[in-house]
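Construct all of the structure, not just a fragment, from the sequences and the given hints.
Residue numbers (our numbering), protein chains in the order written: chain P, 1 to 475; chain D, 1001 to 1446; chain U, 2001 to 2276.
Source of the hints: derived by calculation from the structure; they are not laboratory data.
Only a predicted model underlies this, so the values are computations on that prediction, with no experimental measurement involved.
A few of these clues could be false.
Footprint (simulated), chain D over chain U, 3 or more residues, beta carbon under 8 Å [what the hints assert, rightly or not]:
no., stretch
1, 2135-2141
2, 2147-2155
Once the Cα atoms are required to be at most 25 Å apart in a straight line, the calculated PhoX-like pairs of lysine-lysine come out as [as the list claims (entries may be wrong)]:
no., chain 1, residue 1, chain 2, residue 2
3, U, 2100, D, 1026
4, P, 374, U, 2117
5, U, 2123, P, 374
6, D, 1198, D, 1169
7, U, 2100, D, 1032
Positions of the beta carbon are idealized from the N, C-alpha and C atoms, including for glycine.
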Amino acid sequence: MNLSTLLLIILAGSAVAYFIGYTRSQQIAKPIGGVRHLATLPTYYASMMTLWALIPALLLVFFWSVLDGAIIDSLVKSSLPQEAKRLSEENLGLIMSQVSNVASGIGSIDVLGQEYAPAVERLVSLTAISQRAMPLLAFCVLVLGALMGFRAVRATNNARYTVEKIFNVAIFVCSSIAIFTTFGIVFSVLFESIHFFQKVPFFDFLLGTHWSPQIAIRADQAGASGSFGVIPLIVGTLLISMIALSIAVPVGLMSAIYLSEYATSKTRSIVKPMLEILAGVPTVVYGFFAALTVAPAIRHYGDQLRVWGADNDITWLANLAVSSESALATGMVMGVMIIPFVSSLSDDVINAVPQSLRDGSYALGATQSETIKKVVFPAALPGIVGGVLLAASRAIGETMIVVMAAGLAANLTVNPLEAVTTVTVQIVTLLVGDQEFDSAKTLAAFALGLFLFVITLALNVIALKVVKKYREQYD
Amino acid sequence: MTNSTNTEASQAITQLFEDRTLLAKKRAVARKRRNRSEQRFRWAGRLSIAFGIACVLFLFTDIISKGIGAFTQTYVDVEITFNQETLGLSSQSTEQEIKAASFSSFYKKALREKYPEITGRKEKRELYAMFTSDMPLILRNMVVADPSIMGSTQIISMIADDDFDTYYKHSYGRDLDEADKISRLSDMQEGLVDSLAKSGAVKTKFNTILFTNSDSREPELAGIKGAVVGSILTLLVTLALSFPIAVATAIYLEEFAPTNRITDFIEVNINNLAAVPSVIFGLLGLAIFINFFGMPRSVPLLGGFVLTLMTLPTIIISSRAAIKAVPPSIREAALGMGASKVQTVIHHVLPLAMPGMLTGTIIGMSQALGETAPLLMIGMVAFIVDVPTGITDSATVLPVQIFLWSDSPERAFVEKTSAAIMVLLTFLICMNSFAVWLRKRLERRW
Amino acid sequence: MNKAQQSMAEIVKETYQTVGLPLLDDPKIRVRNANVFYADKQAIFDVNLDIGKNQVISMIGPSGCGKSTFLRCLNRMNDTIDICRVEGDLLLEDEDMYDKKIDVVELRARVGMVFQKPNPFPKSIYENVAYGARIHGLTDNKVQLDELVETSLIRCGLWKEVKDRLNEPATGLSGGQQQRLCIARAIAVNPEVILMDEPCSALDPIATATVEELIHELSENFTICIVTHSMQQAARVSQRTAYFHLGKLIEVNDTSQVFTNPEHQLTEAYITGRIG
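Laid out in structure tokens, this is it:
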């Protein structure tokens, strides 16, 4: 029985429990003179019974699904032959995955060796037991819970208290998911990063100027550890982000200013949604656009310039080399993507500048542009800086555009016409596809993830502080 | 020296304050410069907006012009006789027998018989390559569906190979320079296309394959059905998890949370999660869900988990705003009637805040629908030919399908990618318009 | 609306004609048949008023009577509100302020304004005062600008208090100082008229006294229109007083006349505190 069906059955069971609870409370109410003699409304009795049935069953399914793999694993391990038990952690994992392959009929037992047959058999039987036992047990728990709930349907028992208490606990648990997520992120990247830094020294990572993780596949070979210097990635990320910001910030800011200070409300109502379309376009679309339209176009014009430069004896133009994965193309498209982000943040910030300051400036005979440039903009500057920082963190963390349009080779360059790679590109390329989880190459992705997380978090915290302080100034 | 300039300056200022005509003159002089600067500034604003709009238009026209071709497919009507001897089948054959028959050699033979003038090995191979490599399979399925066609001659609408299709749709019969021609066909093949077209056998029809097939290595057979179903399943999981959790969190934070450190910590966490790059959520999914909990890779259930965590902050923030917008007088009225806090929230606050919450949810869902990066990390990037039937089947999603296809070198895949993008954008536009409509429709001003 | 107020409203409606002496010979500003609308709602009804040269005129009336709206018409500050529409003739030195050819920037350089809440720019004290001179290109060099700032601050009696901290942010000043700075900022461009919209309502009594004294001194060189809802203030600083009621100009006369012997019964009701 698959998970979806089981969940549906549990839900149906709870619905039945609701119905029974409702009817039961009506029954109880009849002899004592009606529903108003109950401690609370029939719906609360019904809800209570539903919760009694639903929650334990769901918890069981959840924990069973989470834990059964680990439990079966350890049981299977105990039936491995003696020599296998002495193997190192990594090799044991390999054996285990082979065992599970054989069990699911992919490999043949002959490759593994007959001494592993008991383990395979054990795995097959345990899996079968687990798969059959879970729905059965879940159903029992459901019925049992419903019975408990049924017994609690009494005229004197105020079911509302129970229901509301559960409600309170439930919403608190939901709220704490945000905390768990943060912890999950921190632990997942930190844990693997620590593994990584046991293999590669921290300062080699942070200060190294050479990045070529590919060699690390042969980590067991002598002297062939890959180089994991993150500097070229940082430079590449910054280069692309800078190009993006140098387009997004002026355009976003100026359009926000024009829309909020000059445009008529009719123009605004047309133009604003149009610009916001840019924010709704998925990044994979931008990536496609960058890789297949913008980058070839830039390369094409670059080539034309070079030919023209060669014809006219302009040496530096004649030597112009434009990569087909140029940072310029990637950065430009990313800039277009961030325009609405910058624009809406600036719009908020500009509108927070009190009208009285504008009035003061107009009353002295200042023109609109003078008022904006000399009064509104300086007053809004902290907020705008905060917005730019947020945009920068967006640009740094942006993944799909760079994965599709930026290069893979880690060139240490600031030439926007060359191909560079970024932190996010490396994370994706290192992790997509099947990798051994313990190789330095895979772990490097988590170290990069940690790095990215820390940088964007810092940028956000600073930006939010700046913006908050700025808002307080005018509140 | 300083003294004399000071005296001069002081005199100048005194004069300014006394002689207003001098003042007016000075202002008039400055006014010209100021006017120019005002105009420059306005133009800078107009240009920025024009640039933004130009980007939107360019992006859309580029995608549409690239992708529109994928909505038609070239077919060639070819008469094929289901020769009983060659196939060793009759109209009474069982399915088993039909499936065992070699339709491939039958199909090739049929083609060779159609063009007896083609003799060389290379030429023959080029002839077979004119049509999709799945043709034998399609013929076999025809026979399986209706064995009585054995022995008869049927007009088969054969699916043209992507090179044929591209050439026919974009270059054939047009007056193009050699450089602008898009063709990977040989001269012999182009001649064949020409003769087929002249005989009226070549037709372009609406490309239903795009919507009824899943991924394939052959561009002419690749479709988005699997990806669309995968996307829908993933979104359903995301919706089922994120909406209740986000609403519960918003209720807790707005209505029940005491002001203490835990509450502050939750709020800080939500705000920061809203800005964490999506690829990090992929790492989380990989390390926690796959490695730690041992969940299967590539399944919508896992994708839904990851996207839930990613979209939660968005929905929570807008739900909180919606709850905040409900005036306290409503709560006081309910509490004053003797309703419990929970009853007040569920009976009064929640229904009033629901439109805002739904709008936020739809926006979060459209974010999730367009998201790619975290799904790459959790293995939804695999080549999957089957349409997923449940949330625990291997699947891919539409944006990832776009990513996969955009990597393929064939021109036909570029077309397909653009078409898939158009479908994705259509979904997104519908969702966002619905959100806007909902907000307009149900918005209540206090 | 109680009965008394209702009857007042009826009086206004039926017998609307400004009493007293609204018109003058050779005025600075001449207003004829001014009507102001916010979208469809009329805020000012048919106002006729002359404002004399180098005079202080105060405008009083209950809140919402349109006195601030009227004031903002006099340097076209209402232009910044999209839905606001002004009709009638408003002449500054016989030039129509609302003529299409008139440059609103130039008009505002000639008619300055000080607002209810002090609104110094978030810049240094020096930059606040120098702002107008800079944008209008009034000075030729830094020395002249320094001189201009100093003169303006001296004329506002603020120089002694701030001369050592000219480069500190203006927002660090006290409320009264901020308001005087705003006045200094306005007079630094040497306008012909200064409009003041309840300039003391956000200030404490001592600061108010200082500002009132300043207004008195400035009236030698500037025409000043001041909106106030303090009748005492109107009596202290102005030569003429105009009384507005529900968007209509009820009575204009010499200040002493208005306060001691009002002609219109509404004016009397207001100054004796029965409405307001």
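Hints and how they fare:
no. : hint            : in the structure
1   : 2135-2141       : holds (count 7)
2   : 2147-2155       : holds (count 3)
3   : 2100/U x 1026/D : holds (22 Å)
4   : 374/P x 2117/U  : holds (20 Å)
5   : 2123/U x 374/P  : holds (10 Å)
6   : 1198/D x 1169/D : holds (15 Å)
7   : 2100/U x 1032/D : holds (18 Å)
Violated hints are absent here; each numbered hint is respected by the structure.
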